[in-house]
Structures are given as structure tokens and as C-alpha cells.
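*Asks:* Sequence:
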Amino acid sequence: MKYRGSPAFSHGQADKIGVLVTNLGTPEAPTKGALKPYLKEFLSDPRVVEVPRLLWYFILNGVILRFRPKRSAEAYETVWTERGSPLLFHTQDQAAAIEKKLKETWGDNIVVDFAMRYGNPALGDVVENMMQKGVRKLLVLPLYPQYSASTTASTFDALAKDFTKRRWLPELRFITHYHDFPPFIEAAAKRIERHWEQHGRTDKLLFSYHGIPLRYLKNGDPYHCECYKTSRLLAERLGLGEEEYLTTFQSRFGREEWLQPYTDMTMKALPGKGIKSVQVFCPGFSSDCLETVEEIGEENREYFMESGGERYEYISALNAESDHIIALTQLIENNLLGWSVEEVSGLRQQRADEVKKQSLPYDN
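Be aware that the sequence shown starts at 937, since it is given in this note's numbering, and climbs by one per residue.
A couple of the hints might just be wrong.
[Unchecked claim] In silico BS3-like links for lysine-lysine, alpha-carbon gap of 30 angstroms or less:
id: 1; residue 1: K938; residue 2: K1126
id: 2; residue 1: K1212; residue 2: K1165
id: 3; residue 1: K1140; residue 2: K938
id: 4; residue 1: K1140; residue 2: K1036
id: 5; residue 1: K1126; residue 2: K1204
id: 6; residue 1: K1126; residue 2: K1209
id: 7; residue 1: K1212; residue 2: K1140
id: 8; residue 1: K1097; residue 2: K1126
id: 9; residue 1: K1165; residue 2: K1140
id: 10; residue 1: K1006; residue 2: K1037
id: 11; residue 1: K1165; residue 2: K1126
id: 12; residue 1: K1097; residue 2: K1069
id: 13; residue 1: K1126; residue 2: K1140
id: 14; residue 1: K972; residue 2: K1097
id: 15; residue 1: K972; residue 2: K1101
id: 16; residue 1: K1037; residue 2: K1126
id: 17; residue 1: K1204; residue 2: K1165
id: 18; residue 1: K1006; residue 2: K1036
id: 19; residue 1: K1069; residue 2: K1037
Hints listed in this document are in silico derivations from the structure and should not be mistaken for laboratory results. Treat the numbers as computed from the prediction; the structure is a model and nothing was measured.
Using the sequences and the hints given, assemble the complete structure.
*Replies:* Written out as C-alpha cells, the structure is:
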């Protein structure tokens, strides 16, 4: 097997610390042609769909990829902007803001970039670019506050797969979750409070999270518990009683049972229970995307209003708001403790000098 090397490396090159933020991914365009390869990559991931591979191969290629790309393209077209996919440019903005914040302390010793688990910018390409810039210590932050094997672990799988092809590996740290990180809870609470200051409150506040199959929970995935903990901490911070908020799960796919209560079914039922006004916030989404802008902002609004609701408001994701960036930066810096670029660079230079004196080859 041929391993990828670093032919452009120079012994005089300064070592750097790298911070890689990642998100799920997005198609290149809101078209059927762009959606098909994106969905194929996403739905082929065994972390996402845990069914026998041969059976799933025929279902995916024989049924799903024949019909779903067109429907998904129509949905993406409703949220596409001049900058492209909301998830892409919000993640890009977050990475740029985090880099600006970190450089205040770390200066040019730190490199920050972003990648997508599926689609572009591809994780492997971004890691390669960072290593060419001298990154020898790499911290990876998947932007999923709550851990799930289908998101966080899948990102680690992709990173590990890329590492198996490299000759020189960076020192690695990987953040698995931050669902109860106090600065994150504070940033989310402030986002909701700012919305209340402008629009007032409603009968009920819903915390809607992306769903996963119930089977994953029964097999030991902690996602469900971490979602509920985030909701509880937010409610406590906002001073909400148990009757003033709900936790629900959206975006289910297929016929098997997923985590409940379902967001869409809840929206259809609330007006009949006397709840005529609702606000929805999605604490599991670091950036606005198809699932927040279209599914929550539009589709579920229709369910609620058509069922007799009178007022429906979606509270946007944290995106690149200053409180969110401060929280993410603090999370990153907490996980950078003990790393010193100067120390590593000095040791390598010392080793290189020793080898040079002995007239021995120096293997990078």
C-alpha cells in the first residue's frame, strides 16, 4: 500500500496547531443531479443506516435514489441563497470567526478550517491542506452538541479512514459532545431571550432535535439522553416550568419507529389541546440548514396553522452569533490545554541537528 507523504515539508517549517470544525454536509447545488451523489454518500454510511449492507444496497440504489433526489432538490431550492447552502456558509462563517478569536491568543501558531462529512469541502482534502501548512497537532470539533454514533462517530470514522492512508499522522484530539457545556447553554438561552424581547412569548416553547431510530437508543446510543439534558438545562436557565416547554424529534426517515414525540405529529395535535401559539428552537443544530429553515420554519408551520394554531415562530440557530463563537472558542481552548507548538518545534529541531551531526538520514 502506498501511503500519502508530505513531499513539500521543510525542516525549517514551523509547527502549528490545527483546529478543524466539521458539519454534516450539503449538495453542490439544489438539483437532482447534485443530490443523487450526495444522498448516495450520506445514506451509504453504515453509521447512518444500520441494516444489513446487501439488503440496503438494493433498497438504496433500486428505490431511494430513483425518487428521493428530485424531492430533496425541490426542498433545497426553497432554502438556497446567493451564497449557496445555508449550512455551508454558516459553517464557513463560524470557522472564520473562531479563527479570528483564537488568533488573538495563539497568533499565527494556529490554523482553523472547516470540512463536511459528506460532500465538499471534503474532510481528507482539508486535513491535507492543514498538514501542508505545518499542522502537527490537530483538534477536531464536530458541530453536533449532542453525541450520536450516526453523526459524531461517523465523523471520527471518516477521519480514521483518512489517517490509515497517511505516512505522518498529527497528534489528535477529538471533541465528542458539548450538550451540557455551560457557555453553550448560555449562548442558546440568550438567543431565545433576544427573540422574546422582540416578539414576546407564546403558549409553549418547543425544543426540536433531529431524530434517530429508537433502535439506536436501545442499542446504547446516548443521543436521546443528551438531548433531554440540553432541554432541561435550557429550561432551568430560562426559568421555565415543565408545562411551558416540550422536547420533540424531527426528520424521521423510513418506516421503523424513531425517537418520540415526533415534532410534526406534536404540531398537528397542540391546537386541539388549547395551545394556539408556539415558538420552536433547535438546540441540536449549530447552523441553520434544510432541516431548520424548511422543515421547521415552513413545513411544521403549516401543520400547526392548518390544525388550528394562530401563531408560530421559528427561533433561528446560533450560527455565527458572537455568544456562540465565544462558547465554541472556549470549548476549543479547554481542549487545547497542554499543547505547545514551540516545544514540539524545538524538539524536532534538536533531533534534526543531532541527526545531521551523525550524518544520518532524517526520516520525517
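*Asks:* Could you run down the list of hints and mark each one as holding or not?
*Replies:* Hint-by-hint comparison with the structure:
1. K938 - K1126: 51 angstroms, violated
2. K1212 - K1165: Cα-Cα ~27 angstroms, so holds.
3. K1140 - K938: 58 angstroms, violated
4. K1140 - K1036: Violated, at about 38 angstroms.
5. K1126 - K1204: 28 angstroms, holds
6. K1126 - K1209: Distance ~29 angstroms between K1126 and K1209 Cα, so the pair holds.
7. K1212 - K1140: 9 angstroms, holds
8. K1097 - K1126: 39 angstroms, violated
9. K1165 - K1140: 18 angstroms, holds
10. K1006 - K1037: Distance of about 41 angstroms is beyond 30 angstroms: violated.
11. K1165 - K1126: 18 angstroms, holds
12. K1097 - K1069: With a Cα-Cα distance of about 21 angstroms, the restraint between K1097 and K1069 holds, given a limit of 30 angstroms.
13. K1126 - K1140: Answer holds: K1126 to K1140 is near 17 angstroms, not above 30 angstroms.
14. K972 - K1097: 23 angstroms, holds
15. K972 - K1101: 27 angstroms, holds
16. K1037 - K1126: 20 angstroms, holds
17. K1204 - K1165: 25 angstroms, holds
18. K1006 - K1036: Violated, because 39 angstroms separates the two Cα atoms, which is more than 30 angstroms.
19. K1069 - K1037: 19 angstroms, holds
Checked against the numbered hints above, the structure violates hints 1, 3, 4, 8, 10, 18; every other hint is satisfied.
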